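S.K.: Residue numbers (my numbering): 838 to 1560.
Certain hints may be false.
With a straight-line cut-off of 25 Å between C-alpha atoms, the simulated DMTMM-like cross-links for lysine to aspartate or glutamate are [unchecked claim]: (1) K1373 to E1388; (2) K1377 to E1404; (3) K1383 to E1351; (4) K941 to E970; (5) K1246 to E1404; (6) K1286 to E1258.
If you are wondering where the hints come from, they were derived from the structure by calculation, not from laboratory data.
Computed from a predicted structure; not experimentally measured.
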Amino acid sequence: MAMPQNSTGENGFCFTQTLDFSHLHPPPGEAVRTCGAPLSNGTTSSGVPSPSDSCAEPLCSTTPGEEETQYREGIKYVSTEGEELACGWGGFTPGCLQLFNTSKGVLFFLCVASFLQGMTVNGFINTVITSIERRFDLRSYQSGLIASSYDIAACVCLTFVSYFGGNGHKPRWLGWGVLVMGLGSLLFALPHFTTGPYEARLAAEVGICGGNQSLPCAQAASSLSSYRFMFMLGQFLHGMGATPLYTLGVTYLDENVKTNYSPVYIAVFYTAAILGPAAGYLVGGMFLNIYTEIGREVDITPENTLWVGAWWIGFLGAGAASLLISIPILGYPQRLPGSQRYIVMRVSEAHQLKDGSHKKASDPDFGKTVKDLPRSVLLLLKNPTFIFLCLAGATEATLIAGMSTFGPKFLESQFSLSASEAATLFGYLVVPAGGGGTFLGGFLVNKFKLRCSGIIKLCLLCTVSSLLAIFIFFIHCPNMPMAGVTQMYEGSALPSGHLNLTAACNADCGCLEETYSPVCGSDGIMYYSPCHAGCKEVSKNLRNGKKVYRECSCIDKTLLPGPGDAEAGKCTSSCAKRSLLLLFMFVVILFTFLSSIPALTATLRCVSDRQRSFALGIQWIVVRTLGGIPGPIAFGSMIDKSCLLWQDQCGEQGSCYVYQNSAMSRYTLIAGLVYKVLGTTFFLVACLLYKPPPPESVPGSSDASEHGNHQEHKPSLPAGEDI
């Protein structure tokens, strides 16, 4: 069987040194069967010497009369008759493109794709959702549907994509997926160009005592809200396009590198996906400082609640970049040149079922038709290690989804920060802890060459470590004093559950609860708004650009008698426990992400090779259904229990303005403990139930060479191909 040759000589299957299996010699006196024996695909070598004999002959010799030796199980011979391994599109395969036809080239383009996906879906969307609500008159539950459309699309497509894509041409599925994702981004930006210019409805001097306090409540239903369906469709396309990326992309990398380097490649891939949202927050926030109608001069500033930034620019850029990056991904072959050596050397670590039904998945024809789909699902359901790894992943995903959604809110409340300051601080925590933990997890698996059982034990250790660190939420920062919310205007304690924003000092101001604009008085107390502080004049602080309110009748001057001043924004917290809280939050995030790549690697190892893509698809469905989608809902409902002050939207309850810090920490601790204990339990059960293949069925080719044994028999590989 003639093997395809690579013109560069780097990735061909022919070795410069003949494979030596002298350590596998049969007992003396037994003949050895050589070339001419049928391979597993039915082809027969001619037995006539030829220049390609080093590739054509079997890797192992067997004794005559034996159908199978103890070394044969676990080694698969894959036919490459007529398989095109060149990089290109159709017949266009120029030699310059073959420089990128390596595992590192694939990793680069997949990292760019995952970076763009993370930046768009987890960065831009979360950053601009408030601006979209304001621009298109959407309610919170409608914007929630927009965000959920991504997960709904992913759940709908995962089974189909992972099953048929796993047995098909993976780069084509990946390339078309990235292209669809790009179209979704362009569609998401389209409403900006199909609507009229944005007109801010200004209410002059709303907020100071004696100003015009009228705000229209009964507004006619806006036709702009129907654009939510276009946003939902854009998000649906995002979900469809990203589905192959984290199922087929992972398995394509895993199949085309050495087994012990696979976790490092996957870790780099996922690290790019984590850095994407950080870039999305930074770039998206920068665009929001530009007015949505570029070139038009307006009197309002980004601090004004009526300001709408240029939310659409990021989606245009990400969409165009996704369309471009899909082109090289579509050009990759079904299998990289040289990957045959890794397939032959791969040792199966699939969980062994008692009835032996796991051997069905080794059939080369298994999984190519729809009729095998129920059998594939049944095989995975009968694999307890896989099931409990999925459940552990769901509990970790619940924590990650909940903390990524409400982590900035927690910091904002505990340390009395603005929303932008809290988001920036949380980004500084997540990027090194999340990105570093993800990469470190893959590095540890490679460094210690862990097998499947050892990987699950590493996941267990990481989960226990983060479980211990989560007890930091026993401590909290005290609430900043706020007149009428945490204390009465005279300074006395306010009865729990009772609010009183009106006092003698602001009774004649006619303040509205709909206008929440906190200010910090010169007496160190926060007030609901300049009006509630009794302020009558406004000016601008030239030093920091913030508004300064004067003649505030509710604020006493510290030295001189008379009304005091107030500055826009919250009072700065001087919490002594801030550093300790941030340190242990870093540890929780680090160890949570540290277990992500090992858990993914264990999932790939505990199932049969032909089921890897499908297993990842099923795992993603479980993780999203039980973790990603309900996670923010569970955390949000618990955190809402700690709310002290709710927004009043013309008689309807809106979002929460002020939380009680002690209650927020307590509920966060309860939620964290519940899910971390569940995750620890699931990893422990997965470890106990895992049944590896018997040692006698493992060939002495892969791990022997990878662990340093039989080093003198290891074939010499071309330089640069180890990773």
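S.K.: Now tell me if each hint is right for this structure.
M.R.: Verification of the hints:
no.	hint	result
1	K1373 to E1388	holds (6 Å)
2	K1377 to E1404	holds (9 Å)
3	K1383 to E1351	holds (22 Å)
4	K941 to E970	violated (42 Å)
5	K1246 to E1404	holds (22 Å)
6	K1286 to E1258	violated (42 Å)
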